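So the protein lines, in turn, are chains A and B. Residues in the first sequence are numbered from 1 upward in steps of one, following the working numbering. Residues in the second sequence are numbered from 1 upward in steps of one, following the working numbering.
A hint or two may mislead.
Unchecked claim - Once the Cα atoms are required to be at most 20 Å apart in a straight line, the calculated SDA-like pairs of lysine to any residue come out as:
no., chain 1, residue 1, chain 2, residue 2
1, B, K416, A, K224
2, B, K313, B, M226
3, B, K294, B, N55
4, B, K416, A, G206
5, B, K45, A, G190
6, A, K224, B, T43
7, B, K44, B, M226
8, B, K44, A, G206
9, A, K214, B, Q64
10, A, K224, B, K313
11, A, K224, B, A84
12, B, K45, A, D218
13, B, K44, A, F222
14, B, K416, A, G81
15, A, K102, B, Q64
16, A, K224, B, T40
17, A, K102, B, D58
18, B, K416, A, M221
19, A, K214, B, V238
20, A, K224, B, K445
21, A, K214, B, N55
22, B, K44, A, S215
23, B, K44, A, D106
24, A, K224, B, V238
25, A, K224, B, D46
26, B, K44, A, A220
27, B, K45, A, M221
28, A, K214, B, K45
29, B, K445, B, V283
Unchecked claim - Ranges of calculated distance between the beta carbons of each label pair, as one might list FRET restraints:
no., chain 1, residue 1, chain 2, residue 2, range
30, B, G130, A, D218, 21 to 29 Å
31, B, E288, A, D106, 53 to 61 Å
32, B, M415, A, N161, 50 to 58 Å
33, B, M415, A, T165, 16 to 24 Å
34, B, W41, A, S137, 32 to 40 Å
35, B, A480, A, T165, 29 to 37 Å
36, B, G130, A, D106, 40 to 48 Å
Just so you know, these hints were derived from the structure itself, not from any lab. Since the model is a prediction, treat every value here as computed from it, not as a measurement. Ideal Cβ positions, reconstructed from N, Cα and C, are used throughout, including at glycine.
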Amino acid sequence: MADDPKSVSRRDLLKHAGLAGAALTLPSGTTPLAEAEQARPAATAPAMPGGKREPVENLTAAEADLLEAICARIIPSDANGPGAREARAAHFIDRALGGALKDQRDTYRSGLAALAAYCLSSRRQPFLELDARNQDSVLIDVETGAAASGGFPAASGAFFNMVRTHTLQGTFGDPFYGGNKDFVGWDLIGYPGIRLNVTPEDQRLGARLTPTHKSAYDTAMFNKAEADDHAH
Amino acid sequence: MPTNLKPTDVVVVGLGAAGGISVLPLAQAGIDVVGLEAGTWLTKKDFAPDEIRNNVRDWPMSVQKAQQEVPTHRLNAKAPTTRAGSHPMMNAVGGTTLHYWAQSWRLNPWDFKVVSETTKRYGASRIPKGSTVEDWPFGIEELEPYYDKVEYETGVSGQAGNIKGAIDQRGNIFEAPRSRAYPMPPLRSTGFIDLMTSAARGLGWHPFPGPASINSRPYQNRSACMYHGFCNKGGCHVDAKHGPHLTTIPRAQEMGRLKVVTRAHVISLDVDANGRMTGVTYVTDGQEFFQPAKVVLLAGYTYENSRMLLLSKSKAFPNGLSNNHGQVGRHYMSHGQSASVTALFPFNLNAWYGLPAQGVAVDNFADDNFDHGALDYIGGGNLWVMSDRRPISAASMGTFGRTPNWGSEWKAFVMKNADRTNTSYLQKTTLPYESNFLDLDPTVKDPLGFPVCRITADFQDNERKVAAMAQERMTEWYNAAGAIATQANPIGSMNVTTHAYGGTRMGRNPETNVVNEWGFSHEVPNLGILGASVMGTSGARNPTLTVQALAWRTAEYLAKNWKNVTI
């Protein structure tokens, strides 16, 4: 389970910066994420392949960091290539929380806070400072409901499934919405991209198609208004 | 007080698959029509190939009247009521034909005579207990000329299996005789569909390409299909997929006989003291209008047709319009569309493109096409395999229990298998039962304060047995084609669906049916009803072409019998 070397080095950085989180005395029940996050160094947008991370639009920086780390475990960057981090799935979700997913904004806020608190109370470390294996074990607790006692307002499994669903949308959806950056999601599963006129040859068994690497909105053919409503 | 508008001959409530077709035969007869539509006009510029917008966020159906009126559902009169998050139909000129799959089937002959044919072949005891099924008031031969009319007027691609009794093995050998071939050849096949076709032949079955209301070649100045893969819940970017907004509606407008009013939200169907229709009342931008008409054609979706009737109470009809026999909302059916089978193959299927209507059908196990003598159910299922895949849905595939649902192991599985699965579409006979019906929800209301429709319905033993049989045959078919794993999916519930039937059933007996054999109310002579709400059986295939043939027939009857209907 090789991890993205860049995120590993970030974890190392956090480790060396001091494990303030581990020493914290935890209040019972939900810790607001902001409070929990004060425990760790003010660091640090996650290292981004090819440059700086996008500014957050609807989440707080701490929420965005945590969400990014969760997405990166759902679809990891590994020996098989890039994952949700490179696709910018968390950016897709952050943006959508101001539009199509705005009704879920509070669910994200409380769910991320509950996850952070659960992690601190059960693992004695902030999620971002755990290694991949331990991050996975926390997420399994959340997915299976074992973390339900940690203050999740709804069933924790429902929260996990929601994040998973949105991570897939942000990784494999049209780049217009802020995810699937550089078409990494489509390349990952071999989707050859949008073709407005598909030939019989394109539908033959064994056909080898060159990826088009186009968004639906790269052409002037389609109205963007409705999509914009959903994107922002 | 509503503003009184200029009277017209006919007002059509809803310009979707049914109402949108009816306007042309009326216009051709010189009858003036006002078409009231809750939605707006959309064009091919609105139909981007965008899975997030179309499929994930249900754009075609969002910000629509229908979304505020999602019916509630309960399994039976004692079960708790739930409400789905969204309505699968949309409001627009052309209605749900904008984003439907466009499979364009004629029913099979048995569907019109379930009671008499079952009784003749197996005995009356074989009609399932509690079923209210009746024979249709006519056989398929009565509807054939209207099927033909709609196929040529709107453009349907397909391979005939029976032209005037001459069987053609390339088509559906079980279909009723048709008067001529389809106006266009079938949509083309694909490598994977060829493979499935060969496998079906190897099993001794009769596979054939299904009919589609999509151009396989240019037709009437509309483009041929481009097979781009975003047809499912998406509109067509080249207008190759038919909807009445492209044909019958503009043709009626060009004749100067049709006035289309968009964003018109009809709130009541109005009668005089004698119980005859006087017109309808609608709201647009908060203003009320009364549109007087000599005849009203109610052409909403199945749920809305029953609901509008039940909401339109008057002295003459204290329990709802045309409901003095208590039949409105009865004989509800929702097609068995679930209970599919998903297969995993050991090679890529290259199914990234195509459309749900591009595929291969097997009808050997549908209707009464096989002997039920030793079986404990009647009816059957149509097996359908298609080329339809989009990236988010592909990545969301099940893993057949082979990996967790996320993480590196899952990622490796999806990378390998995203193009190696196929989910079939199995449509099964669903019969009407005393216990399955529509009425008004006692508590849930729309934003105007009107109760929404409530569905009380559950699949019965017959439907469950048919589903199990269809899944067995489908699994056999996938295995013959080389699948390495298969999974039978759950039957689901009879909650809100795109294939909903009944509520205003057609039949000669006014004690058990709302409309007569021509689609006009038994109780209100100048009220016609269009849509699958008049169908008394579901068949094992998509309803739209039958809905359109019936709509044409009702409109033609009105034109030919104008004086009798309006007297």
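Status of each hint after checking the structure:
1. Between the alpha carbons of K416 of chain B and K224 of chain A the distance comes to roughly 33 Å, so the proposed pair goes past 20 Å and is violated.
2. Annotation: proposed proximity of K313 of chain B to M226 of chain B is violated, straight-line Cα distance about 49 Å (limit 20 Å).
3. The hinted pair formed by K294 of chain B and N55 of chain B fails the criterion: a straight-line CA distance of about 41 Å is larger than 20 Å.
4. Taking the CA atoms of K416 of chain B and G206 of chain A, the gap is near 15 Å; set against the 20 Å cutoff, the hint holds.
5. Taking the CA atoms of K45 of chain B and G190 of chain A, the gap is about 28 Å. The hint is violated against a cut of 20 Å.
6. Using a Cα cut-off of 20 Å, the hinted pair K224 of chain A and T43 of chain B holds, with the two alpha carbons roughly 13 Å apart.
7. With a C-alpha separation of about 13 Å, the suggested pairing of K44 of chain B with M226 of chain B holds against the 20 Å cut-off.
8. Of the supplied pair hints, the one linking K44 of chain B and G206 of chain A is violated, its CA atoms being roughly 32 Å apart against a limit of 20 Å.
9. For the proposed pair K214 of chain A and Q64 of chain B, the alpha carbon gap of about 30 Å is over 20 Å, so the pair is violated.
10. A threshold of 20 Å between alpha carbons decides the hint, and for K224 of chain A with K313 of chain B the separation of about 44 Å lies outside it, so the pair is violated.
11. Pair hint K224 of chain A plus A84 of chain B does not hold up; C-alpha atoms about 29 Å apart against a cutoff of 20 Å.
12. Taking the CA atoms of K45 of chain B and D218 of chain A, the gap is about 13 Å. The hint holds against a cut of 20 Å.
13. For the proposed pair K44 of chain B and F222 of chain A, the alpha carbon gap of about 8 Å is at most 20 Å, so the pair holds.
14. The straight-line distance between the Cα atoms of K416 of chain B and G81 of chain A is roughly 13 Å, inside the 20 Å bound, and the hint therefore holds.
15. A distance of roughly 19 Å separates the Cα atoms of K102 of chain A and Q64 of chain B; the hinted pair therefore holds under the 20 Å criterion.
16. Straight-line distance between C-alpha atoms of K224 of chain A and T40 of chain B comes to about 17 Å, which keeps the hinted pair within the 20 Å bound.
17. At most 20 Å may separate the alpha-carbon atoms for a hinted pair to count; K102 of chain A and D58 of chain B meet this at roughly 16 Å.
18. The straight-line distance between the Cα atoms of K416 of chain B and M221 of chain A is roughly 33 Å, outside the 20 Å bound, and the hint therefore fails.
19. Distance hint between K214 of chain A and V238 of chain B is fulfilled; the C-alpha atoms sit about 19 Å from each other, no more than 20 Å.
20. Distance hint between K224 of chain A and K445 of chain B is unfulfilled; the C-alpha atoms sit about 33 Å from each other, more than 20 Å.
21. Among the hinted pairs, K214 of chain A with N55 of chain B is consistent with the structure: their alpha-carbon atoms are about 19 Å apart, no more than 20 Å.
22. Of the supplied pair hints, the one linking K44 of chain B and S215 of chain A holds, its CA atoms being roughly 17 Å apart against a limit of 20 Å.
23. About 36 Å separates the Cα atoms of K44 of chain B and D106 of chain A, which puts this hinted pair outside 20 Å; it is violated.
24. The suggested pairing of K224 of chain A with V238 of chain B holds, with an alpha-carbon distance near 17 Å, which does not exceed 20 Å.
25. As the CA atoms of K224 of chain A and D46 of chain B are separated by approximately 8 Å, the hinted pair is consistent with the 20 Å bound.
26. For the hint pairing K44 of chain B with A220 of chain A, the CA-to-CA distance comes to about 12 Å; that is within 20 Å, so the pair holds.
27. Taking the CA atoms of K45 of chain B and M221 of chain A, the gap is about 6 Å. The hint holds against a cut of 20 Å.
28. Taken as a hint, the K214 of chain A and K45 of chain B pair is honoured in the structure, with Cα atoms around 17 Å apart against an allowance of 20 Å.
29. Proximity of K445 of chain B to V283 of chain B is assessed by CA-CA distance (about 17 Å); at most 20 Å being required, the pair is judged to hold.
30. For the hinted restraint 21 to 29 Å between G130 of chain B and D218 of chain A, the CB-CB distance of approximately 56 Å leaves it violated.
31. The hinted window of 53 to 61 Å between E288 of chain B and D106 of chain A is violated, with their beta carbons roughly 38 Å apart.
32. About 21 Å separates the C-beta atoms of M415 of chain B and N161 of chain A, a value inconsistent with the hinted range of 50 to 58 Å.
33. For M415 of chain B paired with T165 of chain A, a C-beta distance near 19 Å keeps the hint of 16 to 24 Å intact.
34. For W41 of chain B and S137 of chain A, the hinted distance range of 32 to 40 Å is not satisfied, since their beta carbons lie about 54 Å from each other.
35. Take A480 of chain B and T165 of chain A: their Cβ atoms lie about 35 Å apart, and the range 29 to 37 Å holds.
36. A hinted range of 40 to 48 Å holds for the C-beta pair G130 of chain B and D106 of chain A, which are about 46 Å apart.
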